[in-house]
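A.B. asks: Those protein sequences? They're chains A and B, same order as listed.
According to the working numbering, the residues represented by the first sequence are 1 to 360, in order.
According to the working numbering, the residues represented by the second sequence are 1 to 360, in order.
Treat the hints as calculated values from the structure; they're not laboratory data.
Among the clues, some could well be false.
[To be verified] What the simulated footprint calls covered on chain A by chain B, stretch by stretch (three residues with Cβ under 8 Å from a Cβ of chain B suffice, anywhere in the stretch; the number is not a length): (1) 19-26; (2) 292-301; (3) 329-342.
We put the beta carbon where it would ideally sit given N, CA and C, even for glycine.
There are 2 protein chains.
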Amino acid sequence: MLKPGYTLGILGGGQLARMIALAAAPLGLKTHIYAPEDGSPAFDVASAHTQAAYDDFEALERFAGAVDVVTYEFENVPVATAEFLAARVSVHPGAGALGITQDRLAEKTFVANLGIEVAPFAAVEDEASLEAALAEIGRPAVLKTRRFGYDGKGQVMIREGDDAAAAFAAIGRHPAILEGFVPFIREVSVVAARTEDGRFAAYEITQNEHRHHILYRSTVPAEVTPAVSAVSHEIARRIGEALGYVGVFAVEMFLVVVDGAQGVIVNEIAPRVHNSGHWTLDGAVTSQFEQHVRAVAGWPLGAVERLGHVEMTNLIGDEANSWLDVLAEPGAHLHLYGKAEARPGRKMGHVTRIFFEDDA
Amino acid sequence: MLKPGYTLGILGGGQLARMIALAAAPLGLKTHIYAPEDGSPAFDVASAHTQAAYDDFEALERFAGAVDVVTYEFENVPVATAEFLAARVSVHPGAGALGITQDRLAEKTFVANLGIEVAPFAAVEDEASLEAALAEIGRPAVLKTRRFGYDGKGQVMIREGDDAAAAFAAIGRHPAILEGFVPFIREVSVVAARTEDGRFAAYEITQNEHRHHILYRSTVPAEVTPAVSAVSHEIARRIGEALGYVGVFAVEMFLVVVDGAQGVIVNEIAPRVHNSGHWTLDGAVTSQFEQHVRAVAGWPLGAVERLGHVEMTNLIGDEANSWLDVLAEPGAHLHLYGKAEARPGRKMGHVTRIFFEDDA
Chain A
1 MLKPGYTLGI LGGGQLARMI ALAAAPLGLK THIYAPEDGS PAFDVASAHT
51 QAAYDDFEAL ERFAGAVDVV TYEFENVPVA TAEFLAARVS VHPGAGALGI
101 TQDRLAEKTF VANLGIEVAP FAAVEDEASL EAALAEIGRP AVLKTRRFGY
151 DGKGQVMIRE GDDAAAAFAA IGRHPAILEG FVPFIREVSV VAARTEDGRF
201 AAYEITQNEH RHHILYRSTV PAEVTPAVSA VSHEIARRIG EALGYVGVFA
251 VEMFLVVVDG AQGVIVNEIA PRVHNSGHWT LDGAVTSQFE QHVRAVAGWP
301 LGAVERLGHV EMTNLIGDEA NSWLDVLAEP GAHLHLYGKA EARPGRKMGH
351 VTRIFFEDDA
Chain B
1 MLKPGYTLGI LGGGQLARMI ALAAAPLGLK THIYAPEDGS PAFDVASAHT
51 QAAYDDFEAL ERFAGAVDVV TYEFENVPVA TAEFLAARVS VHPGAGALGI
101 TQDRLAEKTF VANLGIEVAP FAAVEDEASL EAALAEIGRP AVLKTRRFGY
151 DGKGQVMIRE GDDAAAAFAA IGRHPAILEG FVPFIREVSV VAARTEDGRF
201 AAYEITQNEH RHHILYRSTV PAEVTPAVSA VSHEIARRIG EALGYVGVFA
251 VEMFLVVVDG AQGVIVNEIA PRVHNSGHWT LDGAVTSQFE QHVRAVAGWP
301 LGAVERLGHV EMTNLIGDEA NSWLDVLAEP GAHLHLYGKA EARPGRKMGH
351 VTRIFFEDDA
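Construct all of the structure, not just a fragment, from the sequences and the given hints.
C.D. replies: And the structure:
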């Protein structure tokens, strides 16, 4: 168990690391960011930082010696890096969870083996296996690289009449997974936390709206039935348990209607704090960032109740230019990530708005 | 007006600077802490820091060149330091407000000249002027050094029969002020913000309980009449206006009953974020730290509504050892200041507890 004054090491220096560091400070922890990019946003709020590559094992050795526990902000930390660190210091979540969630095929197989519903899927290695997968799953289907996809990158839809070989070329002929297209009503997610000794807490299921494959807005409460709400928590609990997970994670799901009843189909697991949990920063008793620190530190989990009807809206690219309007809006909470350049599609910040129940 | 990406310079590296820096980051600002003490708590959460003395004018010159605006966390910044910086970069609040509030005699005179009620007071330079002051004001009275007093330091009560010369010796025979003792019901304070162009916002009047002259607990709502609540805001507004104040400040007041009606008597002005405003960190829509940043940056002020019945309790000295109990208490918010050593009387952190109105 960490104690105040100890140092939390974080791999990755983006906005998630930045918000974890901002949450760690009031809990009395120092933070040390490890990231390769010059001017990483998290460097600005941390006690120390190391700017080095993820395969710079000398730098990793020094980093391991300078921190009391290591966590990370993104799932694409090389497993070799996580394992190197884990031989020297506690790493949460562990390399096992990382390995599974880095590979869409391993992840889907893992979830399906738990008896949790996922879209039909099949491995794709080449054109022949793609043709076989299409024959089995049918169209429309989504072809995704097994690794390194995010925000819609590394995936392509294959509809009736589309050329399968061209689709495979479009994702770089990387090892892939073909998934049956799920005709969903909306996308939802559960952000949850689990501790090493098995304590578990999940935030209310959240409703997510994407634009151009990037999360645009999250809303709680979600328009789901109480049954779906309960089932979604149970799914997160079982996934966390089976992964032996420590920290905050998100389960992205499709909300579907089958025979007139709502249900959910698991789409993806994110082994980290998650954009769809940013609403908790002002909208819940404990933010997902504090919760992650608590879980990783081996501390009691915080209360997950929401404070009202909450809306989180991302500021993408030059939408961040609206910062002054946000500041002028009573009750809106501005969160900028300290990124110098507002490139198109880049997450520059977000806004939370809390509507208290008695306002309704 | 500051813009995201600009740098806020902060003089002082203690918990107030730390919490200002933590509030500045989500608004997109970088922070640069200037403090003489090794291992200052605010260094851990800032983009940059300068460890140098307040009269190191070469270091101040570099600091002024590295930041876009300067603020401070404590009223004892040497006026020469503030003026040196103000010749190079905007300093908020300004040296004028600093000069008045550093000197209890100047401050009391200033408030009294606004027609706002303060305890009867008189200047004390030596034993003779102390005797004259006692004859005028009567006993009990409180003898306070004009400068550098905080948390009850530099003050002594003179009761019936006490030796006045001994009291003067006890405060080091420094230039002083004698104040009539106010038989107050309780201590209250108003934390408010003002911008350069005269916008003003005040948090609800707060009720404060001290132990050993150190703030122990703040509570809102305070047990005061609506009239006192309104008057206290009006007092803060007029003081802020007369000082041409920019930033967050606190007005400490005594709640008294005269002829059966509650009233307030101003005790002290703090030209900075204030311990009695720490409840706003989880208990108000906008925290006093964010509000200070907004005011200093020239931005719109945030909403000041409280979220419920709020209690803020300081963790003094080894009370901070209770951190794990606080973490285990649902809904309690832990704020540790990252201080290495828990000396007696040292403010190590605080806890906020919010009781939502519908729980009552």
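A.B. asks: Next step is simple, just say for each hint if it's right about the structure.
C.D. replies: Hints versus structure:
1. 19-26: Satisfied; 4 residues make the cut.
2. 292-301: holds (count 3)
3. 329-342: Holds: 9 residues of the segment 329-342 of chain A have a Cβ under 8 Å from chain B.
Going through the hint list in order, the structure satisfies each hint without exception.
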